[in-house]
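Protein chains: 2
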Amino acid sequence: MAAPPSPEEAAAAPGPARPGSTQASHRLLAYSDALLSIIATVMILPVAHTKIHPDQELGESVQQQLLAKIAVYLMTFLIVTVAWTAHVRLFQVIELIDDVVALLNLACMMLITFLPYTFSLMASFPGVPFGIFMFSTCAVIIGLIQAVIVAYGFYHPYLLNHQIQVSENKTFYKHHILKIILRGPAFCFLAAIFSFFFIPLSYVLLGLVIFFPHLTRFIIWCKSKAVGVKEDEEEPHSLESFSFYLSEPLSKERVEAFSDGVYAIVATLLILDICEDNVPDAREVQDKFHSSLIEALSKYGPNFLAYFGSFVTIGLLWFVHHSLFLHITKATRLMGLLNTLSLAFIGGLPLAYQLTSEFAEKSRNEIETIQVSCVITFFASIFQFAIWITALFHERETLHPFARYGGKEHAFMFAKLALYPCVSLGAFFLTCLLSKFSTEIFHLMQIIVPFAFLALRILVRISLVVIRAMMNLSQWKDVSLEEEEACLSPAETLS
Amino acid sequence: MAAPPSPEEAAAAPGPARPGSTQASHRLLAYSDALLSIIATVMILPVAHTKIHPDQELGESVQQQLLAKIAVYLMTFLIVTVAWTAHVRLFQVIELIDDVVALLNLACMMLITFLPYTFSLMASFPGVPFGIFMFSTCAVIIGLIQAVIVAYGFYHPYLLNHQIQVSENKTFYKHHILKIILRGPAFCFLAAIFSFFFIPLSYVLLGLVIFFPHLTRFIIWCKSKAVGVKEDEEEPHSLESFSFYLSEPLSKERVEAFSDGVYAIVATLLILDICEDNVPDAREVQDKFHSSLIEALSKYGPNFLAYFGSFVTIGLLWFVHHSLFLHITKATRLMGLLNTLSLAFIGGLPLAYQLTSEFAEKSRNEIETIQVSCVITFFASIFQFAIWITALFHERETLHPFARYGGKEHAFMFAKLALYPCVSLGAFFLTCLLSKFSTEIFHLMQIIVPFAFLALRILVRISLVVIRAMMNLSQWKDVSLEEEEACLSPAETLS
Chain A
4 MAAPPSPEEA AAAPGPARPG STQASHRLLA YSDALLSIIA TVMILPVAHT KIHPDQELGE
64 SVQQQLLAKI AVYLMTFLIV TVAWTAHVRL FQVIELIDDV VALLNLACMM LITFLPYTFS
124 LMASFPGVPF GIFMFSTCAV IIGLIQAVIV AYGFYHPYLL NHQIQVSENK TFYKHHILKI
184 ILRGPAFCFL AAIFSFFFIP LSYVLLGLVI FFPHLTRFII WCKSKAVGVK EDEEEPHSLE
244 SFSFYLSEPL SKERVEAFSD GVYAIVATLL ILDICEDNVP DAREVQDKFH SSLIEALSKY
304 GPNFLAYFGS FVTIGLLWFV HHSLFLHITK ATRLMGLLNT LSLAFIGGLP LAYQLTSEFA
364 EKSRNEIETI QVSCVITFFA SIFQFAIWIT ALFHERETLH PFARYGGKEH AFMFAKLALY
424 PCVSLGAFFL TCLLSKFSTE IFHLMQIIVP FAFLALRILV RISLVVIRAM MNLSQWKDVS
484 LEEEEACLSP AETLS
Chain B
4 MAAPPSPEEA AAAPGPARPG STQASHRLLA YSDALLSIIA TVMILPVAHT KIHPDQELGE
64 SVQQQLLAKI AVYLMTFLIV TVAWTAHVRL FQVIELIDDV VALLNLACMM LITFLPYTFS
124 LMASFPGVPF GIFMFSTCAV IIGLIQAVIV AYGFYHPYLL NHQIQVSENK TFYKHHILKI
184 ILRGPAFCFL AAIFSFFFIP LSYVLLGLVI FFPHLTRFII WCKSKAVGVK EDEEEPHSLE
244 SFSFYLSEPL SKERVEAFSD GVYAIVATLL ILDICEDNVP DAREVQDKFH SSLIEALSKY
304 GPNFLAYFGS FVTIGLLWFV HHSLFLHITK ATRLMGLLNT LSLAFIGGLP LAYQLTSEFA
364 EKSRNEIETI QVSCVITFFA SIFQFAIWIT ALFHERETLH PFARYGGKEH AFMFAKLALY
424 PCVSLGAFFL TCLLSKFSTE IFHLMQIIVP FAFLALRILV RISLVVIRAM MNLSQWKDVS
484 LEEEEACLSP AETLS
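Chains as they are written, first to last, in my numbering: chain A, 4 to 498; chain B, 4 to 498.
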């Protein structure tokens, strides 16, 4: 009746060798990444919707309120990222899924969506044990579900990563991944217990969940610098056959998917509000604006301007991120951390732009808000730049040859990544100097940057030619600059 | 200095054969899909946030208001889907990208985000030409940018699909893709002009944008049935070498990515509100609830229940969708349309669940809202079932052998897809019969369904054994049932 399966079909669907309805996990992971990125950025909404009257100064009470909300946002972002990292690790071990794993993962996702809410409860009622208890309980249950997934995976070994599957030390791997997954929940469990006795200790424990991995890493790094132990040997329990490098590189695809989700939700954050709130009421238009729709809409002009500014900036930062990760072959944990920080700042961009346009007319806080926008843009882009610098330090493992020091795309990548930090810093200082024209400077920056990106390749080429010409001139005088030139000229030797 | 690129590195990044910074397009497309799915569902927010007082009946004025908003939501969803389809077609032709294409695509995305807003303007002011003009202008500019991308692609042929690249009829392909992309904008252009003279004609033209492809398809199908022309020969301009099947199958990956985005944003829609609005105020807790946080939170109980219900339902429908597309090898246009309709109903689920729990205590409209939830769930799931039925009609091209009629996963897939339609229909009629216990029935349904999915494989096996046993019994009496059995038993012949 049916034709034999073509090789293409066989590759796309579960092969006959695996039992049951075993499936590739890529779509489950993509869906999880989409959910997690939305959850990570959700706490920016209360910040963005803080109403400030235009005639009100950015006074202390408002500032404090805003700062508290921003702190909640940043902490939630970091917490969800920790959950995401554990999720990445988990599905590096479990490479194939079946229906049970898929359903357990969905349950896990649902609990993760409660993390931002319980965290903001905790932040609003710092002295009440119930908030801490709820948050910790959520985290513990998430950990337990993930542990069940691990147990299920090791009970059905055909679901595991091939390297673990053929290894003789399955138990070691099992304990190792369980340790990574349950470390956070264990701290949370203790925090939940201590919340009834001594609340400050609970907070210290919860803080450890976020910073423990980075702290240990940092301590190891310091030790290696002080004592001179090679960093590669740091893991005392690494077996001889430990070629499966569990604790270091994140999955590049998942970093990209998570980042894409954050960029997408943040880019559309303002249009969500515009679509909901800024459609004028038919009756109002008739009464107030003499039935002129255009007049009524002009009232919302600043909102559209803010949307335009934030979408363009986020779109272009995505573009830079995209170009950067195109040349990255492996994402280390430090690069993941820098990426998270960059994303956290990007979440603040719509808010900054909204403030900018709200104050565009009433010039009382104009300069401050424009400077805040510049600072956020600067930090979002400088962390991207830092990823690139970090990658350059281990360029053999982490970068594509084209992008390495001396590669033919090196100078271009450098320019791409440096554009936003330079422009935002420039705009910041210009507004300090020419405070009268701050709005004009800011809008000019927004308009120029996209065109700068379009023409960047040409600009880089011109400046390379100019630099080389200057080098040649100076070479006549001094031959020692030769080495420096080599790194700037697109060397053809690698391709 | 640098090691020669490993084969893995060479595959992951731009190969040396392609000029400049040519890149694979998958991440650009994933990002676009994420943006488009958020934009498609944005108009559900005004529907979800329509405030109805609990003591107010779902009276006519509220109903009309809601219905108008729902109509806007559905139309926006369809419009964005049309834009998405054009985008899919475009990037089936242009397979590699460079920086210019990426930036043009981002500009295009930004304009698409304005479609929902301009459409709701048009819907709020149906008699004002400005709304129609704005919407049409947006659509025209989107079309023009996409046309520029096509022109750019054909000017740099290394960006094109390989099949087109080697073909001698490049001009034909160029005109064909331009026709697909510019058909909608052309209608919109006419609508913009007519908006100043004769508004009804504008609406007819805009309606054509959405329904024209399906209408022509339907007419062709009717013709083929009436005259008896084979469907495959329908395209009069298909050249002999027309192996690149431009107008029929959608890219399966992009259908999945777009669906994932919609499922993710809809699943988190309620938690967005909860995180923003339902953190109790510290002062209020002290005054109203005697500093008892738990008491204050219990006020929000129904909201959490609604979130739980909608997340679980959407998560499980995603799970069904995931299982379904795992066995689909090719997505035809009709399947794409059914998928869109299913997604449109899924967008309504959070709203339905929110209504359900808002009325959970005040039992005035209780039954109505529960029934609305059941109906929406039914339609969302029955359209998924319809995708499966459609796939079965052309199972050789569209389904993996396992899932085909007689395949070993066939019965299981059937059960998975039939579960939600059956349960929601059952709950609907039960609430009609036992209207007193409607809330209990509804919550029972929510709790049972996830466990039903977990145990589904076992249930299916048991029922298959039972059916086979019954078949064997009846076979002794009548041998003619043999054929029917074959389709239900997991035939091993295919694997």
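To be clear, the hints were calculated from the coordinates, so they are not data collected in a lab.
Small disclaimer: the values here were computed from a predicted structure and weren't measured.
All C-beta atoms in this analysis are idealised placements derived from N, C-alpha and C, irrespective of residue type, glycine included.
Some clues are possibly wrong.
To be verified - Only pairs whose alpha carbons sit at most 30 Å apart, straight line, appear in this in silico DSS-like list of lysine-lysine: (1) K291/B - K333/B; (2) K439/B - K302/B; (3) K255/A - K226/B; (4) K255/B - K228/B; (5) K228/B - K173/B; (6) K333/B - K255/A; (7) K226/A - K182/A; (8) K439/B - K333/B; (9) K255/B - K333/A.
Stated by the list, open to error - With beta-carbon atoms standing in for the labels, derived distance ranges: (10) L69/A - H52/B: 47 to 57 Å; (11) V207/A - R286/B: 23 to 33 Å; (12) I144/B - S466/A: 27 to 37 Å; (13) L476/A - F175/B: 50 to 60 Å; (14) S295/B - Q67/A: 22 to 32 Å; (15) I223/A - H397/B: 38 to 48 Å; (16) H52/B - Q68/A: 50 to 60 Å.
Going down the list of hints, with the structure as the test:
Between K291/B and K333/B, the direct Cα distance comes to roughly 59 Å. Violation of the 30 Å bound is thereby established for this hinted pair. Taking the CA atoms of K439/B and K302/B, the gap is about 24 Å. The hint holds against a cut of 30 Å. Distance hint between K255/A and K226/B is unfulfilled; the C-alpha atoms sit about 51 Å from each other, more than 30 Å. Taking the CA atoms of K255/B and K228/B, the gap is near 28 Å; set against the 30 Å cutoff, the hint holds.
This hinted pair does not check out: K228/B and K173/B have alpha carbons roughly 33 Å apart, beyond 30 Å. Note on K333/B and K255/A: the hinted pairing holds, with a Cα-Cα distance of about 28 Å set against a maximum of 30 Å. Note on K226/A and K182/A: the hinted pairing holds, with a Cα-Cα distance of about 23 Å set against a maximum of 30 Å. Note on K439/B and K333/B: the hinted pairing is violated, with a Cα-Cα distance of about 47 Å set against a maximum of 30 Å.
For the given pair, K255/B sits about 28 Å from K333/A by alpha-carbon distance, which is consistent with the 30 Å threshold. The hint said 47 to 57 Å for the Cβ distance between L69/A and H52/B, and at roughly 24 Å that hint is violated. The hint said 23 to 33 Å for the Cβ distance between V207/A and R286/B, and at roughly 28 Å that hint holds. Between I144/B and S466/A the Cβ separation comes to about 33 Å, which falls inside the hinted range of 27 to 37 Å.
A hinted range of 50 to 60 Å holds for the C-beta pair L476/A and F175/B, which are about 54 Å apart. Between S295/B and Q67/A the beta carbons are some 26 Å apart, a value that agrees with the proposed interval 22 to 32 Å. For I223/A and H397/B, the hinted distance range of 38 to 48 Å is not satisfied, since their beta carbons lie about 58 Å from each other. Between H52/B and Q68/A the C-beta distance comes to about 23 Å, which lies outside the given range of 50 to 60 Å.
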